[in-house]
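Got chain F; can you put chain P on it based on the hints?
First to last, the protein sequences are chains F and P. For the record, in the first sequence the residue sitting at position 384 is 383 according to numbering that gives the first Met the number 0, with numbers rising by one throughout. For the record, in the second sequence the residue sitting at position 64 is 63 according to numbering that gives the first Met the number 0, with numbers rising by one throughout.
Hints are computed from structural coordinates only; laboratory data are not their basis. Among the clues, some could well be false.
Pair by pair, the computed Cβ-Cβ distance ranges are [what the hints assert, rightly or not]:
#1 Ala256/F - Ser46/P: 52 to 60 Å
#2 Tyr36/P - Pro296/F: 54 to 62 Å
#3 Arg201/F - Pro56/P: 46 to 54 Å
#4 Pro90/P - Glu31/F: 20 to 28 Å
#5 Lys221/F - Tyr36/P: 49 to 57 Å
#6 Lys83/P - Gln188/F: 24 to 32 Å
#7 Gln188/F - Gln77/P: 32 to 40 Å
#8 Leu246/F - Pro90/P: 24 to 32 Å
#9 Asp38/P - Trp282/F: 27 to 35 Å
#10 Phe72/F - Asp38/P: 24 to 32 Å
#11 Phe28/F - Gln77/P: 23 to 31 Å
#12 Ala256/F - Tyr36/P: 54 to 62 Å
#13 Pro56/P - Gly45/F: 17 to 25 Å
Don't be surprised by glycine CBs; every beta carbon is placed ideally from N, CA and C.
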Amino acid sequence: MKYEVVIGLETHAELDTESKLFCGCSTKFGSEPNTQTCPVCLGLPGVLPVMNKKAFGLSLKTAVALHCEINQFTNFDRKSYYYPDLPKNYQTSQNYFNIGNNGYVDMVVDGEERRINIHNVHLEEEAGKLVHPEASDANYSLVDFNRAGVPLLEIVTQPDMRSIEEVENYMQTLRNILLYIGVSDCKMQEGSLRFEASISLREHGSTVLGNRVEIKNLNSMKAVLKVLAYEMTRQSSLLDDGKEILLETRLWDDVDAVSRRMRTKEDAHDYRYFPEPDLVPFWINQEWIDETETAIPELPVCRRQRFVDELSVSDYDAGILTEDKSLADYFEECVAISQESSKELSNWIINDVLRELNEQKLNVQDFVISPKMLTELVEIKPTIGSSIAKEVFAEMVNTGKSAPVIVKEKDLTQMDDTSELNEIVVKVIEDNPKAVEDYGLGKKNALAFLIGQTMKITKGKANPKILTELFKQRLSSISK
Amino acid sequence: MSITNEEMDHLSDLAMLKLSAEDKDLFTKQLNTILEYFDELQEVDTSDIEATSHVLPIRNVFREDKVEESIPLCECLQNAPQIKNGFFVVPKIIDTE
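So here's chain F without its partners, still in its complex pose:
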């Protein structure tokens, strides 16, 4: 493309708390409308909001995990605007002293490390939910305040992203971090994680930012990527025609796959922020920050690199293993117990364990095969062979028994005693003169047939390598 694209992202994540930010109403999703409200979250006069300690702690944790400078003094501000889902006509948010500023997210794009700078991380309250009746001639909307007052974390990047791929990577990386540190369940289908994008174009090499367009109403990562592609096309054709890009807010319409200009007055962004008098200020001392730092687990991007560097896992596999924290934990437990190669363990997890988890729609913590059981299987594999090992795995899934028990019960240990196998080979050759003749005539599958017959007799337990060797020796001496 002729232009360089410049993208910044605002992420809203609902924090994983039981109760709302300023009152004891439940944050449970999907309840009957307006059954989780009280005078505080309905914005009735005379009430006093009190900060939820867990929500504040989770915000601090996120700011620390995103390498922000933590403001030791932080407070809350009123952001005033009128909208029917906002009962108080202002949103309690942060503007002047955010919990964190100037952080960053490191990610890997095409094998190269890339840093996206975070402008700020701040805590605010959710608005209610507006429901629009399906009938197009309906002249009303409906409001449910169950969501009003749910703790919401906003994470704002600098305009640092230069391609749609980078945006996709950032969204996934950030989501993984939030899941890893356990601050949000990040369920996009329930609106726990939402994005707003701002996008502008400029000539390559230009250092001045073009007029940016903000886009709201993005309920999935796919929608973000679609709208950005749409806006790139729309804006570049405007610029090609010598037209100006308007500084505006647009809404994404997922059904028609277009963005539409939002109806706003030019001065609508006059939020008149001022300090929230109903909440006292907050001081975060160094001890609290240190405690929070130690509570943060190794983040996915570092863990992935460590798996590659120290455990000889390929970058691709390391990416799969670290995408889900509990899966990465499972892998590390296996590596800690077992003498077998971590590569072999990783293969089992990625191919077999993940397939089962997907089929059974399970988390790895709830999987019947524990790390110890998987390592036992991998350790016993050389004595039973690869294909039987797969059968044992399936049996473990079905019965919950350990690999050594299954191997013993079913007598599955591989036969690799050459003299014992030799006897069977001699017998199979005697019993199948036609196949032996075919082999002499150069028919390749005659050998496979003979091996198959032997496997039938040994119930699949014959060591295929030794078996092949024995047949080749014996058959070549016959055909001479």
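Okay, now just chain P, sitting in the frame of chain F:
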């Protein structure tokens, strides 16, 4: 510092108030009297004084993350001008042009 008529228009827009021409003149004058008072305060030398963000000398007031009972639906909706299926009914919101 004083408020102009244009700023008064802007303020009444933000406050969603429709003001008559007389009201506007009156409020502009009154607001300017208040601002003059602030001008007087500006004369005090505050260069050595730390900014105050809150009048109370307390900080870090928290509540534990515990669910408490919400109010009954009928109480929640008792001030609603109109109700439908447990929702508040509001005029239709149109976001796009």
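Does the Cβ pair Phe72/F, Asp38/P satisfy 24 to 32 Å? With Cβ atoms ~29 Å apart, the hint holds.
Is it true that the C-beta distance of Arg201/F to Pro56/P lies inside 46 to 54 Å, as the hint says? The hint (46 to 54 Å, Cβ to Cβ) holds, given that Arg201/F and Pro56/P are roughly 50 Å apart.
At the C-beta level, are Tyr36/P and Pro296/F separated by a distance inside 54 to 62 Å? Distance hint for Tyr36/P, Pro296/F holds at roughly 55 Å.
I want to verify a distance hint. Is the separation of the beta carbons of Ala256/F and Ser46/P within 52 to 60 Å? holds, 58 Å
The hint says 23 to 31 Å between Phe28/F and Gln77/P; measuring C-beta to C-beta, is that right? With Cβ atoms ~25 Å apart, the hint holds.
Quick check: does the Cβ-Cβ distance between Gln188/F and Gln77/P fall within 32 to 40 Å? Distance hint for Gln188/F, Gln77/P holds at roughly 33 Å.
Tell me if the beta carbons of Pro90/P and Glu31/F are separated by a distance inside 20 to 28 Å. At roughly 24 Å between Cβ atoms, Glu31/F and Pro90/P fall inside 20 to 28 Å, so the hint holds.
Does 54 to 62 Å hold as the CB distance between Ala256/F and Tyr36/P, or does it fail? For Tyr36/P against Ala256/F, whose Cβ atoms are near 56 Å apart, the range 54 to 62 Å holds.
Range hint compliance [Cβ, Pro56/P to Gly45/F, 17 to 25 Å]: holds, 23 Å
For the pair Lys83/P and Gln188/F, does the Cβ-Cβ distance stay inside 24 to 32 Å? Hint holds: Cβ distance 25 Å, inside 24 to 32 Å.
Is the gap between the beta carbons of Leu246/F and Pro90/P within 24 to 32 Å? holds, 28 Å
May I ask you to test the hint 49 to 57 Å on the CB atoms belonging to Lys221/F and Tyr36/P? Taking Cβ atoms as reference, Lys221/F and Tyr36/P lie about 56 Å apart, which means the hint holds.
Of the numbered hints given earlier, the model fails none.
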